[in-house]
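Protein chains in written order, with this note's numbering: chain A, 1 to 305; chain B, 1 to 212.
No wet-lab data here; the hints were simulated from the structure.
Zero decoy hints are in this set.
Per label pair, the in silico range of CB-to-CB distance:
#1 A:S221 / B:F85: 39 to 49 Å
#2 A:N41 / B:E148: 46 to 56 Å
#3 B:I95 / A:D46: 56 to 66 Å
#4 B:L110 / A:V31: 42 to 52 Å
#5 B:H151 / A:A289: 47 to 57 Å
#6 B:L110 / A:S250: 43 to 53 Å
#7 B:R111 / A:S209: 36 to 46 Å
As the structure is a computational prediction, the values presented were derived from the model and not from experiment.
No residue lacks a Cβ here, since even glycine has one placed at the ideal position from N, Cα and C.
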Amino acid sequence: MKQIQRLVQQKYWLLFLACLCASQTALADRVVHREKSLYRNIVVTDSSDRRCLAFSVKRQKRNQTCMNPEKPDQVVFPYVRMSFAGLLANPEPRHAMMIGLGGGTISNVLTALYPNLTIDLVEIDEAVVKVARDYFDFRESAQTNVIVQDGRVFTRRAKMQGKKYDMIILDAYTGDYIPEHLMTREFLQDIHDLLTPDGVVIANTFAISRLYDHESQTYASVFGEFINFKMPGTGNRVVIAARESLPANSVLRDNADRLGPRLLEPYDVDLVRYLSYLDREADWDTSKALLTDQYSPANLLRDND
Amino acid sequence: MNGPGLESNTHSRLVNWSVLTLAFTSGFIIMSIEMLGGRILAPYFGSSIYVWGSIITVFMVALAVGYLTGGHLSMMQPRLSKYGFFFVAAAVTAIPTIAFGDNMMDWVFLRLEDPRYGSLVAATLLFFIPTAILGMIAPYSVRLLVEESHHSGRIAGGLYFVSTLGSALGTLFTSFYLVLWLEINQILITMALILVLCFVATQIIDRKLERQ
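Only chain A is shown next, with the shape it has when bound in the complex (with noise of 0.2 Å):
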């Protein structure tokens, strides 16, 4: 008896190393940097197969971006990927404008694909750009323009002064925390107003919550129809919308085919499947308030559902 008891003992602690070693395992992630802004904390971690860069809040981390060393060049996650639906509304892209840098990727990506490019990319935090530049092969050249701004303050700075751009990327917002006067109609009014007649916008925001619904009324409200990306198994969305009127879902598939092929082999970007998951219905309850710089609780009510 006293034996079986010990046994079971001994399971016990077998199973209790285990787990040990298994939560060892998933911090093995090695810390390679860190670095701590006026913002938050920024942590560079290794594993085997991706360097990512996380906003750590205590001790836990979201990744914000992720690469692989091995092959800098392929796009690392989904919502990162998903981004790149937005060329199907304007494949030939001049004179883009991001808000938030990351580690660089989508910029990486855009500067390679369309060498006529100009890029300006507007990251409210220094250390960002540094971590982007120094661990993530952020790169740069007389394509690119790094502004270490608000993003707000950028936008209004650039529509009095007549900027136009035909591309505007928003990916400004983080699992942790949205900056709120970056989701309002007024944003987005000077947002579409820096657009050319053939701009696009494309934002790479959130499918889930409250929020949703307040959301993508105000998206509506300021472009009309507007283009609802999501895909099965991520919390993410991206919007994309234009400035006068989206091209019918003819000419996205021609872009499909014809982008296609220079995304997907290196990019591991697959735009064609994505034809499938683009959806200009709406599918939200538009009976609830628009977002503005008068009502913009969006941390609010993405986290009390």
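Given the structure of chain A, go ahead and fit chain B onto it with the hints provided.
Leaving out everything else, chain B in the frame of chain A:
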């Protein structure tokens, strides 16, 4: 103790309760407006750390000036009816912020390229005067409450307790709930109306004390 003593006792109790309630309210409103300050400035100057730096600086300097001025004003025949005018003055001086805030920030944005100084100047234009007036309430409250100098420390402590608790609740309530329920200007208008109500209350109570 006879009749007049009892009378002065209820008299001072009414003054105490009124002043403490009003000081709580002003503490609540100061921090509610300060929390909204970040929201109001963000569309023009962003939500970087220096924007909060500007707002907190302006509120602190405004309160400092308010304390000094309120202390001086408490020397001139203090009474509850005069005290009420701080509340109505704060409400009135908040009207331009509510009605023309965007115009003022546009004006600053066009002239100052650096969002640090832009937010500092804008926060000064929008919040300095009403906050300074609300700051005058604290020392004036002490004057209305203190009857004997050896009680003054305890009374000042009680007053700080009540008004700082009001500030804490104003911060919490605004950032947790009010921004979810109402638009920024609706919250500001509500605060201004509460200040006007405070003024009306002081006039009524003062008249009641007069009759006693």
